[in-house]
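One line per chain: the protein sequences are A and B, in this order. Numbered per this note's numbering, the first sequence spans residues 1 to 393. Numbered per this note's numbering, the second sequence spans residues 1 to 393.
If you're looking for bench data, these hints aren't it; they were derived computationally from the structure. Nothing here was measured: the structure is a model prediction, and the numbers come from that model. Misleading hints may appear alongside valid ones.
[As the list claims (entries may be wrong)] In silico SDA-like cross-links for lysine to any residue, where the CA-CA straight-line distance does not exceed 25 Å:
hint	chain 1	residue 1	chain 2	residue 2
1	A	Lys-323	B	Glu-347
2	A	Lys-228	B	Thr-218
3	B	Lys-48	B	Asn-32
4	B	Lys-228	A	Lys-333
5	A	Lys-333	A	Leu-364
6	A	Lys-323	B	Val-134
7	A	Lys-323	B	Lys-87
8	A	Lys-323	B	Met-326
9	B	Lys-323	A	Asp-330
10	A	Lys-323	B	Lys-374
11	B	Lys-374	B	Asp-363
12	A	Lys-228	B	Lys-40
13	A	Lys-228	A	Glu-304
14	A	Lys-228	A	Val-132
15	B	Lys-48	B	Thr-6
16	B	Lys-87	A	Val-132
17	A	Lys-374	A	Phe-214
18	B	Lys-87	B	Arg-25
19	A	Lys-51	B	Asn-32
20	B	Lys-323	A	Pro-188
21	B	Lys-333	A	Phe-186
22	B	Lys-228	B	Ser-303
23	B	Lys-323	A	Ser-309
24	B	Lys-87	B	Ile-124
25	A	Lys-228	B	Lys-48
26	B	Lys-228	A	Val-132
27	A	Lys-228	B	Ser-328
28	B	Lys-40	B	Val-134
29	A	Lys-228	B	Val-311
30	A	Lys-228	B	Thr-6
31	B	Lys-228	A	Phe-214
32	A	Lys-333	B	Thr-324
[Claimed, not checked] Some but not every residue of chain A turned toward chain B, in silico, with C-beta under 10 Å:
hint	residue
33	Arg-12
34	Tyr-84
35	Glu-170
36	Ser-222
37	Gly-237
38	Ser-239
39	Leu-320
40	Glu-321
Quick reminder that beta carbons are idealized off the backbone N, C-alpha and C, glycines included.
Protein chains: 2
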Amino acid sequence: MIPYFTFYRTPRIIFGAGSIQEIGRMVSDYGNNVLLVTGKESLTRSGKLNKIVRMLEDCSISFSRLSVHGEPSPELVDDAVSEYRGKGIDVVVAIGGGSVVDAGKAISAMLPHDSSVVDYLEGIGGSTHSGVKVPFIAVPTTSGTGSEATKNAVLSRIGDDGFKRSLRHENFVPDVALIDPELIIFCPPDITAACGMDAFTQLLESYVSPESSFFTDTLAYSGMGYLKDNLIPACTGDSGSIDVRASMAYASLISGITLANAGLGIVHGFASAIGGIFSIPHGVICGTLLAPATRKNIAVLRSERSIESLVKFARIGALLEDKTLMPSDDTDKYCDLLISTIDRWTEILHIPLLREYGITEGDLDRIIGLTGNKNNPVQLGADDMRYILSARL
Amino acid sequence: MIPYFTFYRTPRIIFGAGSIQEIGRMVSDYGNNVLLVTGKESLTRSGKLNKIVRMLEDCSISFSRLSVHGEPSPELVDDAVSEYRGKGIDVVVAIGGGSVVDAGKAISAMLPHDSSVVDYLEGIGGSTHSGVKVPFIAVPTTSGTGSEATKNAVLSRIGDDGFKRSLRHENFVPDVALIDPELIIFCPPDITAACGMDAFTQLLESYVSPESSFFTDTLAYSGMGYLKDNLIPACTGDSGSIDVRASMAYASLISGITLANAGLGIVHGFASAIGGIFSIPHGVICGTLLAPATRKNIAVLRSERSIESLVKFARIGALLEDKTLMPSDDTDKYCDLLISTIDRWTEILHIPLLREYGITEGDLDRIIGLTGNKNNPVQLGADDMRYILSARL
Numbered sequence: 001m002i003p004y005f006t007f008y009r010t011p012r013i014i015f016g017a018g019s020i021q022e023i024g025r026m027v028s029d030y031g032n033n034v035l036l037v038t039g040k041e042s043l044t045r046s047g048k049l050n051k052i053v054r055m056l057e058d059c060s061i062s063f064s065r066l067s068v069h070g071e072p073s074p075e076l077v078d079d080a081v082s083e084y085r086g087k088g089i090d091v092v093v094a095i096g097g098g099s100v101v102d103a104g105k106a107i108s109a110m111l112p113h114d115s116s117v118v119d120y121l122e123g124i125g126g127s128t129h130s131g132v133k134v135p136f137i138a139v140p141t142t143s144g145t146g147s148e149a150t151k152n153a154v155l156s157r158i159g160d161d162g163f164k165r166s167l168r169h170e171n172f173v174p175d176v177a178l179i180d181p182e183l184i185i186f187c188p189p190d191i192t193a194a195c196g197m198d199a200f201t202q203l204l205e206s207y208v209s210p211e212s213s214f215f216t217d218t219l220a221y222s223g224m225g226y227l228k229d230n231l232i233p234a235c236t237g238d239s240g241s242i243d244v245r246a247s248m249a250y251a252s253l254i255s256g257i258t259l260a261n262a263g264l265g266i267v268h269g270f271a272s273a274i275g276g277i278f279s280i281p282h283g284v285i286c287g288t289l290l291a292p293a294t295r296k297n298i299a300v301l302r303s304e305r306s307i308e309s310l311v312k313f314a315r316i317g318a319l320l321e322d323k324t325l326m327p328s329d330d331t332d333k334y335c336d337l338l339i340s341t342i343d344r345w346t347e348i349l350h351i352p353l354l355r356e357y358g359i360t361e362g363d364l365d366r367i368i369g370l371t372g373n374k375n376n377p378v379q380l381g382a383d384d385m386r387y388i389l390s391a392r393l
Numbered sequence: 001m002i003p004y005f006t007f008y009r010t011p012r013i014i015f016g017a018g019s020i021q022e023i024g025r026m027v028s029d030y031g032n033n034v035l036l037v038t039g040k041e042s043l044t045r046s047g048k049l050n051k052i053v054r055m056l057e058d059c060s061i062s063f064s065r066l067s068v069h070g071e072p073s074p075e076l077v078d079d080a081v082s083e084y085r086g087k088g089i090d091v092v093v094a095i096g097g098g099s100v101v102d103a104g105k106a107i108s109a110m111l112p113h114d115s116s117v118v119d120y121l122e123g124i125g126g127s128t129h130s131g132v133k134v135p136f137i138a139v140p141t142t143s144g145t146g147s148e149a150t151k152n153a154v155l156s157r158i159g160d161d162g163f164k165r166s167l168r169h170e171n172f173v174p175d176v177a178l179i180d181p182e183l184i185i186f187c188p189p190d191i192t193a194a195c196g197m198d199a200f201t202q203l204l205e206s207y208v209s210p211e212s213s214f215f216t217d218t219l220a221y222s223g224m225g226y227l228k229d230n231l232i233p234a235c236t237g238d239s240g241s242i243d244v245r246a247s248m249a250y251a252s253l254i255s256g257i258t259l260a261n262a263g264l265g266i267v268h269g270f271a272s273a274i275g276g277i278f279s280i281p282h283g284v285i286c287g288t289l290l291a292p293a294t295r296k297n298i299a300v301l302r303s304e305r306s307i308e309s310l311v312k313f314a315r316i317g318a319l320l321e322d323k324t325l326m327p328s329d330d331t332d333k334y335c336d337l338l339i340s341t342i343d344r345w346t347e348i349l350h351i352p353l354l355r356e357y358g359i360t361e362g363d364l365d366r367i368i369g370l371t372g373n374k375n376n377p378v379q380l381g382a383d384d385m386r387y388i389l390s391a392r393l
């Protein structure tokens, strides 16, 4: 039985070692005046960014360059739009981690409009975006957010009145996702670990989401199959392996496609709440909370005898042992295996505790009050949420 | 290892029983002046088409209606474009089988342009299409061509100087594919059978294509998993089952996505050649030739010891028995199982022989001369092609 589902457009995908060589050709499809959004990090130090700039110059493409530091704020987007609106930008190209890609995506969405991006943020502004935007090409240099394939850009204003919200429209799916593992080998181990845990969280949460479909399940399952064997190597001895990096990049890309279509669960509910108050990398929040969240989800599903959801968790547990779950298999055993594996990953990868970012017991009520269940397979209450947060305080 | 791959945009997909109710909302995203392209067949007789028309009227959408009979010719497209160009058509909606969807797709592509569609046909015209088109919504009422997800429209001029060629651009991927199995239950058994064999051919040919990627393989494999249990029921006792029809519609949709990205093989090479000369349904050509083509492909791959390709065929053979091919499994056994299953399907479904459409021994040289290998996993020569055609003369 294939129940009702909808599926948003995917970007045009160019994937593989050396695919950055296509950047000139991809940009030329849209014009020759580019706004290039980049980070400040490793790609510059490695000299790769200069090579990319020369590729654009070789194709007679002119560009302005904007550098983004940290997770993007509405002010950053509004300032960039003020500066470049009316300057005939044909296409926005973002080369960087999830923050850079989200910044580029939001700028491309706002360039043709006069208002502030805040007006269109979910749960904050009251306006509906028309979807009209400048074409956008995403070139990720980390493997985590999957933003290269999603229809939303996450913007944050951090602080007591802070928020972390999405600008979302199906037209905001990037026109092109250009994914070159050779650009990702420069990503340092701690960021690789946090991003990798984020990608796994996205795959698992979309896989067990009530909004998942057979289509997203097929993709998410395949993404987790690649991730499981490559997450630890990517962060440890094999970080320079193109094969390892390609597998992680593939898993991340797929996680973006599945989250855009099936949604996410409680871990991302926490990430949205915590990320608006504290300056803590998104991948760290997800990575640190995934194990206790999965333990709690499975415990509650067991108490409710929600066999169908438990089987989905068990299927991923079996996958971690390269097994296909059979009807005769012990669901409990594989659910437990899933939990213990995520525990082990969290430990091996030294994913930080929340307290390392200044979060204390006294913050929990406030975080819980701001946390939504999103598309979690089961509704968790305040006590359940407290259990999850306390486990990683 | 994930090698280099590219992936074109998918349409926005709305899939499921009753999803036709969304038609008004989908159309309204683009405007309120529709060119509605339909077939002449079962959907009208069932009264369903009238219901759809009322749904549009209820949304204050005005429409012109064009009825298409048989596989579309360049003249049909040019005539329709002459009639409707300049009339402010906001969106083209095609509701019908593969021919109707292809006609609608070509008309949507040509409405903003002055020239004949022949100028842009692959291997015929000398011009390159800009990709500028009127938005296009595809609503398939058969499960076969996958045209609701592909970037090409096949047009034919049948006869001695005939051709069957594609109008192709990545922008021609429909903006929306609306797939409602409730519209497909009216499809009669012989068309269901031919279309179903076409869908399986597309899935298998794209799966074993040298241009396949891990991404398309994941999808094609899942599509064949659904098709194998539902092809015979859809054509026999369970043609009225929404579950059965949904599975076939899903397989067909996936086949469109995978063929658009991985290409097709020798069976579609024949279909292109034969379809330009003889008036024979596309699905019949594919269905009748798939078994001998698979037998010949596997024989040549064995003689060349092309283990990698043989393993891919064997994996599908194993899937037909609900098994995952393991490294210790006998590849030959599962390749043979694949061939014998396709033979059995061909027999049970009474897929016609070529002679029933007037093709004789004397036509073979000409057909072979016009047949290309496309993305077949192995290059077949004239003798190999003669073997395949002769088996189904």
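Checked hints:
| no. | hint | verdict |
| --- | --- | --- |
| 1 | A:Lys-323 <-> B:Glu-347 | violated (36 Å) |
| 2 | A:Lys-228 <-> B:Thr-218 | holds (17 Å) |
| 3 | B:Lys-48 <-> B:Asn-32 | holds (21 Å) |
| 4 | B:Lys-228 <-> A:Lys-333 | violated (31 Å) |
| 5 | A:Lys-333 <-> A:Leu-364 | violated (32 Å) |
| 6 | A:Lys-323 <-> B:Val-134 | violated (47 Å) |
| 7 | A:Lys-323 <-> B:Lys-87 | violated (59 Å) |
| 8 | A:Lys-323 <-> B:Met-326 | holds (11 Å) |
| 9 | B:Lys-323 <-> A:Asp-330 | holds (20 Å) |
| 10 | A:Lys-323 <-> B:Lys-374 | violated (36 Å) |
| 11 | B:Lys-374 <-> B:Asp-363 | holds (21 Å) |
| 12 | A:Lys-228 <-> B:Lys-40 | violated (52 Å) |
| 13 | A:Lys-228 <-> A:Glu-304 | violated (29 Å) |
| 14 | A:Lys-228 <-> A:Val-132 | violated (38 Å) |
| 15 | B:Lys-48 <-> B:Thr-6 | violated (39 Å) |
| 16 | B:Lys-87 <-> A:Val-132 | holds (24 Å) |
| 17 | A:Lys-374 <-> A:Phe-214 | holds (20 Å) |
| 18 | B:Lys-87 <-> B:Arg-25 | holds (22 Å) |
| 19 | A:Lys-51 <-> B:Asn-32 | violated (48 Å) |
| 20 | B:Lys-323 <-> A:Pro-188 | violated (41 Å) |
| 21 | B:Lys-333 <-> A:Phe-186 | violated (46 Å) |
| 22 | B:Lys-228 <-> B:Ser-303 | violated (28 Å) |
| 23 | B:Lys-323 <-> A:Ser-309 | holds (24 Å) |
| 24 | B:Lys-87 <-> B:Ile-124 | violated (29 Å) |
| 25 | A:Lys-228 <-> B:Lys-48 | violated (48 Å) |
| 26 | B:Lys-228 <-> A:Val-132 | violated (42 Å) |
| 27 | A:Lys-228 <-> B:Ser-328 | holds (23 Å) |
| 28 | B:Lys-40 <-> B:Val-134 | holds (24 Å) |
| 29 | A:Lys-228 <-> B:Val-311 | holds (24 Å) |
| 30 | A:Lys-228 <-> B:Thr-6 | holds (23 Å) |
| 31 | B:Lys-228 <-> A:Phe-214 | holds (16 Å) |
| 32 | A:Lys-333 <-> B:Thr-324 | holds (22 Å) |
| 33 | Arg-12 | holds (5 Å) |
| 34 | Tyr-84 | violated (25 Å) |
| 35 | Glu-170 | holds (7 Å) |
| 36 | Ser-222 | holds (4 Å) |
| 37 | Gly-237 | violated (18 Å) |
| 38 | Ser-239 | violated (17 Å) |
| 39 | Leu-320 | violated (16 Å) |
| 40 | Glu-321 | violated (14 Å) |
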